[in-house]
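Per the numbering used here, residue 1 is the first one in the sequence shown, and the count goes up by one each step.
Calculated directly from the structure, the hints in this document are not laboratory data. One or more of the hints may lead you astray.
Distance windows between CB atoms, simulated [unchecked claim]:
no. : residue 1 : residue 2 : range
1   : LYS65     : LYS36     : 51 to 59 Å
2   : LEU17     : LYS51     : 54 to 62 Å
3   : ASN20     : ALA44     : 43 to 51 Å
4   : ALA22     : LEU54     : 56 to 64 Å
5   : MET60     : GLN24     : 51 to 59 Å
6   : LEU3      : ALA23     : 26 to 34 Å
7   : VAL30     : ILE5      : 41 to 49 Å
The list that follows gives simulated cross-link-like pairs (lysine-lysine, DSS-like), each with its CA atoms no further than 30 Å apart [what the hints assert, rightly or not]:
no. : residue 1 : residue 2
8   : LYS65     : LYS50
9   : LYS58     : LYS40
10  : LYS43     : LYS59
Backbone N, C-alpha and C define an ideal beta-carbon position, used for all residues, glycine too.
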Amino acid sequence: MSLEILISNLRSHEMVLNANVAAQKKSKSVALQSIKTSSKALKANLLRLKKNLLQMAKKMIWEMKIL
1 MSLEILISNL RSHEMVLNAN VAAQKKSKSV ALQSIKTSSK ALKANLLRLK KNLLQMAKKM
61 IWEMKIL
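Just need the whole structure built from these sequences, with the hints factored in.
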């Protein structure tokens, strides 16, 4: 390979790398805001949801017995 071809390949490769760096700089990121919730509140919510689910299941079983 001649020196001119090697230099040309190197320049082409450098242009591709520079384009990739420019594209990465243009990309934007989004930060999500966190919501503070205590573990007690989460446990209370989970307990309430389980209770509601159990009530719904009992109601469905009761309705199936009537039919």
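Results of checking the hints against the structure:
no. : hint                        : verdict
1   : LYS65 <-> LYS36: 51 to 59 Å : violated (45 Å)
2   : LEU17 <-> LYS51: 54 to 62 Å : holds (60 Å)
3   : ASN20 <-> ALA44: 43 to 51 Å : holds (50 Å)
4   : ALA22 <-> LEU54: 56 to 64 Å : holds (58 Å)
5   : MET60 <-> GLN24: 51 to 59 Å : holds (54 Å)
6   : LEU3 <-> ALA23: 26 to 34 Å  : holds (31 Å)
7   : VAL30 <-> ILE5: 41 to 49 Å  : holds (44 Å)
8   : LYS65 <-> LYS50             : holds (23 Å)
9   : LYS58 <-> LYS40             : holds (27 Å)
10  : LYS43 <-> LYS59             : holds (24 Å)
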